[in-house]
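> Can you build the whole structure from these sequences, using the hints too?
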Amino acid sequence: MKVILLDNIKGVGKKDQIINASDGYARNFLFPKKLAVEANNENMAKLKAKENSNQYRKSVEKEEAQKLAETLKGILLKINVKAGENGKIFGSITSKEIADNLNTQYKIEVDKKKIDLKEPIKAVGTSSVTIKLYEGVTGTLRVQINNE
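The sequence shown: position 25 = 110 (our numbering), numbered continuously.
Think of the hints as simulated: they come from the structure by calculation, not from any bench.
There could be a bad hint or two in this list.
Said to hold, decoys possible - FRET-style restraints, in silico, Cβ to Cβ:
hint, residue 1, residue 2, range
1, Gly-109, Gln-140, 29 to 37 Å
2, Thr-225, Leu-132, 35 to 43 Å
3, Lys-203, Pro-117, 47 to 55 Å
4, Met-129, Ile-160, 45 to 53 Å
5, Tyr-141, Lys-167, 46 to 54 Å
6, Lys-158, Met-129, 39 to 47 Å
7, Gln-140, Asn-93, 18 to 26 Å
8, Val-145, Phe-114, 47 to 55 Å
What the hints assert, rightly or not - Calculated lysine-lysine pairs in the DSSO-like style (CA-CA distance at most 27 Å, straight line):
hint, residue 1, residue 2
9, Lys-197, Lys-181
10, Lys-158, Lys-133
11, Lys-158, Lys-147
12, Lys-199, Lys-181
Glycine is no exception: its CB is placed at the ideal position from the N, C-alpha and C atoms.
Okay, here's the thing in structure tokens:
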């Protein structure tokens with residue numbers, strides 16, 4: 086019997102996958118526990134509509150991420166900190182501070198976990214920071230650290 090899984094089942098399959106299950110397993114285990122539905126025309130149409138809406142949503146999100154990447158290219162984020170005579174910062178600039186300053190100065194919200202800093206910035210000057218915006222879409226932000 087062909088069934089559509091409604092949840093991930095270890096050793097059987099993943100959510101929204103169509104599998105062949107024995108009649109007894111489907112009727113006595115999968116259906117009563119609401120882990121699967123029969124793969125009839127109505128349920129197949131619902132699954133197809135769900136896949137189409139997910140695909141559309143992903144394409145819209147990717148498009149928005151690409152627009153944000155273009156916006157980030159033209160931004161020079163300025164952060165003022167205290168530094169010593171040789172240009173070394175007291176402390177360091179982390180991804181959290183970059184995300185907070187980006188939000189306050191330009192009203193652009195980016196999760197600090199998506200900012201790809203190999204190591205915190207510890208010197209005055211300009212550096213480029215990579216931001217992972219979406220799967221396969223990255224943006225580059227220039228950050229200028231100024232001495233107060």
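> Does each hint fit the structure? Answer for all of them.
Hints, verified against the model:
no.	hint	result
1	Gly-109 to Gln-140: 29 to 37 Å	holds, 35 Å
2	Thr-225 to Leu-132: 35 to 43 Å	holds, 39 Å
3	Lys-203 to Pro-117: 47 to 55 Å	holds, 52 Å
4	Met-129 to Ile-160: 45 to 53 Å	holds, 47 Å
5	Tyr-141 to Lys-167: 46 to 54 Å	holds, 49 Å
6	Lys-158 to Met-129: 39 to 47 Å	holds, 44 Å
7	Gln-140 to Asn-93: 18 to 26 Å	holds, 20 Å
8	Val-145 to Phe-114: 47 to 55 Å	violated, 38 Å
9	Lys-197 to Lys-181	holds, 5 Å
10	Lys-158 to Lys-133	violated, 38 Å
11	Lys-158 to Lys-147	holds, 17 Å
12	Lys-199 to Lys-181	holds, 10 Å
When each numbered hint is compared with the structure, violations occur for hints 8 and 10.
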